[in-house]
Amino acid sequence: MKSLMKNRLAWPVIALAALLLLNQIFRPDFLSLRMQDGHLYGSIIDIMRNGAPTILIALGMTLVIATRGIDLSVGAVVAIAGAASCAYIAASPEPASPVTAAMAVLIAVLAGLLLGVWNGFLVSTVGVQPIIATLVLMTAGRGIAQLITGGQIVSVSNDHYKSIGAGYLFTLPVSILITAAVFVLAAVLTRRTALGILIEAVGINPVASRLAGLRSRNIIWIVYVFSAVCAAIAGLMISSNVTAADANNAGLYIEMDAILAVVIGGTSLAGGRYTLAGTVIGAFIIQTLTTTVYTLGIPPEVTLVFKALVVITVCLLQAPKARNLLRSLKAAPKPGTKEKVAI
Amino acid sequence: MSSLSTLTPLTVKEPSPLRSRMRGGARYAPTLATLGLFIAMFAVGAGMYPSFLSGQVFLNLFIDNTFLIVLAVGMTFVILTGGIDLSVGAVVALSMMVSATLLQQGWNPAAVIFLVLVIGGGLGLLMGLIIQYFDIQPFIVTLAGMFLARGLCYVISLDSIPVTEGFFTSVAQAQIPLPGDLFVSPGVLLALAIVAAAFFILHHTRFGRTVYAIGGNEHSAMLMGLPVTRTKVLVYALSGLCSAIAGVLFSFYSLSGYSLAAQGMELDAIAAVVIGGTLLTGGTGYVLGSVVGVLVLGIVQTFIAYDGTLSSWWTKIVIGGLLLVFILLQRLFARKTA
Chain C
3 MKSLMKNRLA
13 WPVIALAALL
23 LLNQIFRPDF
33 LSLRMQDGHL
43 YGSIIDIMRN
53 GAPTILIALG
63 MTLVIATRGI
73 DLSVGAVVAI
83 AGAASCAYIA
93 ASPEPASPVT
103 AAMAVLIAVL
113 AGLLLGVWNG
123 FLVSTVGVQP
133 IIATLVLMTA
143 GRGIAQLITG
153 GQIVSVSNDH
163 YKSIGAGYLF
173 TLPVSILITA
183 AVFVLAAVLT
193 RRTALGILIE
203 AVGINPVASR
213 LAGLRSRNII
223 WIVYVFSAVC
233 AAIAGLMISS
243 NVTAADANNA
253 GLYIEMDAIL
263 AVVIGGTSLA
273 GGRYTLAGTV
283 IGAFIIQTLT
293 TTVYTLGIPP
303 EVTLVFKALV
313 VITVCLLQAP
323 KARNLLRSLK
333 AAPKPGTKEK
343 VAI
Chain A
44 MSSLSTLTPL
54 TVKEPSPLRS
64 RMRGGARYAP
74 TLATLGLFIA
84 MFAVGAGMYP
94 SFLSGQVFLN
104 LFIDNTFLIV
114 LAVGMTFVIL
124 TGGIDLSVGA
134 VVALSMMVSA
144 TLLQQGWNPA
154 AVIFLVLVIG
164 GGLGLLMGLI
174 IQYFDIQPFI
184 VTLAGMFLAR
194 GLCYVISLDS
204 IPVTEGFFTS
214 VAQAQIPLPG
224 DLFVSPGVLL
234 ALAIVAAAFF
244 ILHHTRFGRT
254 VYAIGGNEHS
264 AMLMGLPVTR
274 TKVLVYALSG
284 LCSAIAGVLF
294 SFYSLSGYSL
304 AAQGMELDAI
314 AAVVIGGTLL
324 TGGTGYVLGS
334 VVGVLVLGIV
344 QTFIAYDGTL
354 SSWWTKIVIG
364 GLLLVFILLQ
374 RLFARKTA
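Top to bottom, those sequences are chains C and A. Letter by letter, the first sequence follows residues 3 to 345 of the working numbering. Letter by letter, the second sequence follows residues 44 to 381 of the working numbering.
There may be inaccurate statements among the hints.
Said to hold, decoys possible - Partial chain C-side listing against chain A, Cβ under 10 Å, derived: (1) E303; (2) C317; (3) L318; (4) A321.
Simulated from the structure, these hints should not be mistaken for laboratory data. This one's a predicted model, so the numbers in the text were calculated from it and none came from an experiment. Think of the CB as a built atom: it goes at the ideal place given N, C-alpha and C, for glycine as much as any other residue.
One chain only, chain C, in its complex shape (with noise of 0.2 Å):
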């Protein structure tokens, strides 16, 4: 038991359960699934559905926060991603056709892959701090994604674009199947091979992992571009699951539900070891947060003083020196009681 609590994972894992129980608890069918028109629905599908974009980026957001940065264009290169494929499917000669929604996937994914180049070069190459690299692109890229559309919600009807973000397939959404993939591919890239110690040893101390012969700078290049990549294709869900692509709200503050769903997972903003499965089950929470705030009939409007709440609980949690305090406050009993450890 001791053991597992040690887990980096329990703490997420026991927040997620406790808030399925509490939803259990107020509404009995909550964890029911059932099968209709060969499609399955219930509410924990809808929780992974709707939380699909903000996993993606938080995964690619991992293993920036890994490398000691941080990616704050994430939510402007999903309203790019978004505006460049609905615009392209748009002004195309046959906007129904199977081929116009391949390539209008493919030229928000080479958007995505451009921008995070772009971050990627800021940061490696010029050494500006992530924090500001990434602002630039915050800034103008909403800008950039209303040049695209002209200002104006550019609405498709392609049925192959929409099943990106509202079709189903083996009777589960296609936004799930797509996340999962990338969860996949990120953790067997990271995990069986030798990028996953080399992204960390960047994050833990770049000038040493520089001095022992790693091209670091090639390492923050992938990120970043991982990052943006990530946030095309939840650009792509986005835009597709209403078949329109709104340059202003597309994305909105998606970059910071994603930071928040990598700190409570239990990767440190301050870099190195990090932890993918983390990141989803921190997704996971904040979405269930979310559809918790329905489930007890709480005003939505609170949801944002919630998630502040939450965020500056669980870095507390984090933050070495709140933790010396707590051991210093088990360590120490009061005099004349007997020592108990509460684990």
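Take the given structure of chain C and dock chain A to it, following the hints.
Just chain A now, with coordinates in the frame of chain C:
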């Protein structure tokens, strides 16, 4: 001595070559570059549109950006210590919501303004305490502060609340005449007074010198016996207070409270400070530079309004571009002097 051993591991920071090398006029170079850019943009505007070259167009830059000037002042303090405050836009919105709601319920305007300043300053103080005593990055703490303030706005109301109270409307409509048929709003005078106060504090008080010292090298500042902890906490309280003042000024300007107001204004404030020549790593910069930075952002908007064919989103792209140019210049500058 025990406090020394618990210090955070010494981050090796080269003694800022910028400050030691630059004597006389050279250390004003980034700020002067911004001023040059501003004058050049004004000249280009005057060449393109005859009506651009008027005193009122220049004064309107102040009138339309009073709140941003005040925000940039607070942000300059924070960035000079090497921190960042992302909550300012949300605190502006919260101040507007609180004042609009309370005024609607018939509160005395003076009491409302006082309460708003207490809330803003208190929120900043709280964030500063968490940043300093729990050693959490300013970025994440002020992000949570932004969530909290924005969330409180939603809790107060989701609708736009008009301000019809007598004092606020009369201030909003007041014009202070200047010679030559020009005028400014009372808000401009307040903003300029705050800039003057900030200038005095930064350059002529111990607090101001400590702010610069922390930005230059926090560890040395602490070893020199400067009150690092107190100063860092106060800087965030000051930024919160400035945000609340900016919120009141924005209420005068827009005569309403809306929970989605001032969205992204923190980015404008940071952009103004950076364009004004303050180094994001802290230690170097001037509050007057930040004011020029705000004017540059203002003139970009004026340009787009004058042109008529350019759409509003060009503002964001141009601001992003300017931000990039100035960050790159800072890097170049830092490398050359190193």
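Violated hints, by number in ascending order, as checked against the structure: When the structure is compared with the hints, none of them turns out to be violated.
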